[in-house]
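Listed below are the residues making up each chain.
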Amino acid sequence: MTSFIKPRISRKSAPKNKIGLTRQDYDGTMSTLCAGCGHDSVTAALARAFFELSIKPHKVAKISGIGCSSKTTSYLLKEAHGANTVHGRMPSFATGAMAANTSLTYFGVSGDGDSLSIGIGQMIHAMRRNANMLYVLENNGVYGLTKGQFSASADIGSVAKKGTVNDQPPIDPCALGLSVGASFIARSFSGDREQLVKLIRAGLMHKGFALIDVISPCVSFNDHKGSTKSYEHTYKYYSKLVHADYIPPAEEIKAAYDVGESMPIVLHDGGEIILRKLDPSYDPSDRSSAFSKITNNNTKEIATGLIYINKNLSDMAEQNNLQERPLNQIPYKELNPGLDNLKEIQKSFR
Amino acid sequence: MTDNQSIKINDFVIKIGTVNGTGSASANELLMKAIFRMGVPVVGKNIFPSNIQGLPTWYEIRVTGEGHAGRSGDVNIMVSMNPESYERDLDSISIGGILIYDSTWPRPHFMNRADITVIGIPLSSLCNAEFEVARSRILMKNMAYVGAVAAIIGLDMSIIYNLINETFEKKRKLIPANIKAVGLGFNYIEENKLNNKKFLVKSLDRTSNKIMIDGNTAAGLGAVYAGATFGSWYPITPSTSLMDSFSKYCNLYRKHPKTNENLYCIIQAEDELSAAGMAMGAAWNGARAFTPTSGAGISLMSEFIGFAYYAEVGLVYFDIQRVGPSTGMPTRTQQCDINITAYASHGDTKHIVLYPADPGECFTMAAQAFDLAERFQTPVFFLSDLDIGMNDWMVDDLEWNENYEPDRGKIMTSKQLADIEEYSRYLDIDGDYIPYRTLPGTDPKGAYFLRGSGHNKYGKYTEISSEYKEVVDRLLLKWKSAAPFTPQPIISKSLKKTNYAVVAIGSSDGAVREACINLEKQGIYIDYMRIRSFPFADSVEDFIIDHDFVFIIEQNRDAQLMNLLLTETNAPREKLVSIKYYAGQPLDYKFVHDALFKEIMANQKNKKTA
Ligand SMILES: Cc1ncc(C[n+]2csc(CCOP(=O)(O)OP(=O)(O)O)c2C)c(N)n1
Ligand code: SF4
Ligand SMILES: [Mg+2]
Chain A
17 MTSFIKPRIS RKSAPKNKIG LTRQDYDGTM STLCAGCGHD SVTAALARAF FELSIKPHKV
77 AKISGIGCSS KTTSYLLKEA HGANTVHGRM PSFATGAMAA NTSLTYFGVS GDGDSLSIGI
137 GQMIHAMRRN ANMLYVLENN GVYGLTKGQF SASADIGSVA KKGTVNDQPP IDPCALGLSV
197 GASFIARSFS GDREQLVKLI RAGLMHKGFA LIDVISPCVS FNDHKGSTKS YEHTYKYYSK
257 LVHADYIPPA EEIKAAYDVG ESMPIVLHDG GEIILRKLDP SYDPSDRSSA FSKITNNNTK
317 EIATGLIYIN KNLSDMAEQN NLQERPLNQI PYKELNPGLD NLKEIQKSFR
Chain B
6 MTDNQSIKIN DFVIKIGTVN GTGSASANEL LMKAIFRMGV PVVGKNIFPS NIQGLPTWYE
66 IRVTGEGHAG RSGDVNIMVS MNPESYERDL DSISIGGILI YDSTWPRPHF MNRADITVIG
126 IPLSSLCNAE FEVARSRILM KNMAYVGAVA AIIGLDMSII YNLINETFEK KRKLIPANIK
186 AVGLGFNYIE ENKLNNKKFL VKSLDRTSNK IMIDGNTAAG LGAVYAGATF GSWYPITPST
246 SLMDSFSKYC NLYRKHPKTN ENLYCIIQAE DELSAAGMAM GAAWNGARAF TPTSGAGISL
306 MSEFIGFAYY AEVGLVYFDI QRVGPSTGMP TRTQQCDINI TAYASHGDTK HIVLYPADPG
366 ECFTMAAQAF DLAERFQTPV FFLSDLDIGM NDWMVDDLEW NENYEPDRGK IMTSKQLADI
426 EEYSRYLDID GDYIPYRTLP GTDPKGAYFL RGSGHNKYGK YTEISSEYKE VVDRLLLKWK
486 SAAPFTPQPI ISKSLKKTNY AVVAIGSSDG AVREACINLE KQGIYIDYMR IRSFPFADSV
546 EDFIIDHDFV FIIEQNRDAQ LMNLLLTETN APREKLVSIK YYAGQPLDYK FVHDALFKEI
606 MANQKNKKTA
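First to last, the sequence lines map onto chains A and B. According to the numbering used here, the first sequence holds residues 17 to 366 in order. According to the numbering used here, the second sequence holds residues 6 to 615 in order.
Just so you know, these hints were derived from the structure itself, not from any lab. Be aware that one or more of the hints could be misleading.
Unchecked claim - Straight-line alpha carbon distances no greater than 25 Å define the calculated DSS-like cross-link-like pairs of lysine-lysine that follow: (1) A:K75 - B:K415; (2) B:K420 - A:K363; (3) B:K450 - A:K363; (4) B:K263 - A:K75; (5) A:K94 - B:K415; (6) A:K75 - B:K178; (7) A:K72 - B:K253; (8) A:K349 - B:K420; (9) B:K415 - A:K349; (10) B:K260 - A:K349; (11) B:K263 - A:K349; (12) A:K94 - B:K420; (13) B:K253 - A:K363; (14) B:K450 - A:K94; (15) B:K260 - A:K359; (16) A:K256 - A:K316.
What the hints assert, rightly or not - Non-contacting residues of chain B with respect to chain A, defined by C-beta distances greater than 12 Å in every case (computed): (17) P113; (18) L179; (19) D435.
Bear in mind the structure is a predicted one, so any value in this text is a computation, not a measurement. The C-beta atom is built at its ideal place from N, Cα and C for all residues, glycine as well.
The whole structure should be built from the sequences, with the hints applied where relevant.
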């Protein structure tokens, strides 16, 4: 199996974004995932969000682990550098990459196996560091690539394709993120393109770690009756908590949202993340209420949208007192302490 | 034997046994520095437990006017401050030596050894009489034995006072107490005429243009001078002080002059898997990146190391070896990671490994490691050990080439990309097995997808046999081609032509050199080759083939170096004789000497009977 370049059919009339690119310019190689796989919808949503935000593709770094989900990165943004790392280790690789050059936009893609089992330590610590990246967890309740074993996100009572029933409690990445200090936590569904694109936009523009847990059904191994990560089950219990979208600095906010319900959060670039609460009692800046909402066992409801946001946490670059100028662009003469200092240093060694 | 004959000048060993956590380290260092400042070369070895407080610890100072670099294996003056180790300490003293102990609690059984001199000093009662606070009584006891030893070996007291002044420059209040404590020990020896003048230090001029430094400090400093900007790590003895050094000097010299922002980034990771991933991510993104660790960390990093090898990302792994397997003896030294660093990770992987022998080489080889990693776009291991990394060694002043520019290897710029039709990550355009890399964020045309899965020379995913093979075959050639660019072996020929040779790496060097000198005095001539890198230079094989008996000296149980030589060169098995020491202490020359002597004698006897 080799990778196929997506055929480019240029449509003259295709709409262009602010930097003159069409949505197609954000494509990657052709997907080799199963037809109907939720992950492909996430790929499309990501490409759309980058297109809408007019981000130059080559100013993006896309990093992933291993799994069907982690292949996503090659299916979009062919002009961006990508790294398909090792299983469960996308967060550390992304962290180092970010340290080397804070001026790029970083997004990582992972799966529930990649993130919640083998890679759970790395994911937690990336959240703790508030590394400035979008982290998309394509969650299907199974290990797709190794043919359908339960993952750590499988719900109690969920039935595997071969009939076994899961009886261990699931790890909810959003609850996990809340407990370790992630600054942007959202949940969505590959079947809800509109919500997902907006959350991705907001997550990309949020300064700090932005987690989006995307329920993304595996049609080959976990889309049957009895599965709690199937399309059918997700549509049935899907509920929307808070809408979120990013509005660039220049755009008029009122046009899109009713002021009465909206809650703007001004970002460092002057843009805003606009939240629109569908449940008036819910406050996405309150960590403990967010936690009790998503861990409520009395309902099968899948709460989606922006679950939590805190824009006041310092991100990894700030914590490390980094300059705006990327580390990988500092000329050697500024890095070299010089001969005189070497002499000075050695005085203490005599 | 007259008194005069038994005087040893500038050639003896002082060993100090204390309890760890009692603050003796700085007193011992002061003693060693005082000797060093009298122009007399010294070798310092800290033999410490994996513990914070309460276990026996020793510090050994070899006074060596001739400037040997290793241990001698003798103990001539034993300062025994720890009742728990009295028995061991007593046993360790060489014939004719001196035992100094705290006679506040007399130990008559010490007198059982008639072949040594026992000097009891009531250190505790002296200090208790002078100092109020419990903690300072403990600390001042250390300074008091320094004073006693200074009197016995005839140190220049003004140097000691200067050192005390320098040490407490920022806490000047403490100076009088320390000077007083030194005086307590010194005066006790003088007043009671306990100085038998058997071991003396006499000023020389053999330490100018020399410094005392440990290898981790030197390597961390080397990373700063090499222009490394990113380091990730997870604490592990004996590598921790390497990152401490990098951090210290970055803090001093790597701040933006106006904004005080950092021109470097250090991240303490959650484990070594993550440390390896971070360093690799940073390297992929164009930073000079490294991670320091020890064997256990290399085990955890292995998956990432194979990824970096196959995807061709250059970064430096500092492995400061300690005794394995498993947790082993974390504060003892060994050369036990020769195998794992040569081939770390699953699948066919081979790495560049550098073997520094002392802190001076740690400084220069750290920079070389970065240059090699970026030039060959591959993991480079810097294989030091606890002995080099954590002990203070006397080495030549560190020198830095003013015109040094980092070798960043082949990075294709936007301008170069504009001139080509299409960019491919793994094409060997120049025929030197090294492809061009591009940095993320620089040019749309330069984008590529880094992957540890099968890829062809264009960087595209492949499962086609010939495409896969083409890439891994080039990787092997690339690795081999690095040999001439790595530090070459150092060959020391003996005075006469000989069939005997020894081969060693790293911290065995001092002991091996001294053993050879001693054997030469007895008419046994041996050539010596110190290998400094892997892949082995051609001269390694030539040297072995040129001799009939080649002794491979190394500090591990399984003869890892010998086996690596057998695997990677055409050295004939029958020529090689393995000599191994792996009990965890820094190698001493007597061990090497005796082992070589025995083997050579047996060989000569065989020859005669044959
Ligand atoms: C160290 C290691 N162990 C095991 C594997 C095998 N493996 C590949 S993908 C995968 C699970 C992927 O599951 P998930 O992250 O949920 O991705 P999905 O395929 O479901 O999208 C496993 C176990 C591996 N690649 N590396
Ligand atoms: S196996 Fe499942 S997760 Fe993998 S591509 Fe197919 S549908 Fe998607
Ligand atoms: Mg999965």
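Numbers of unmet hints, in rising order: Violated hints: 2, 3, 4, 6, 7; rest satisfied.
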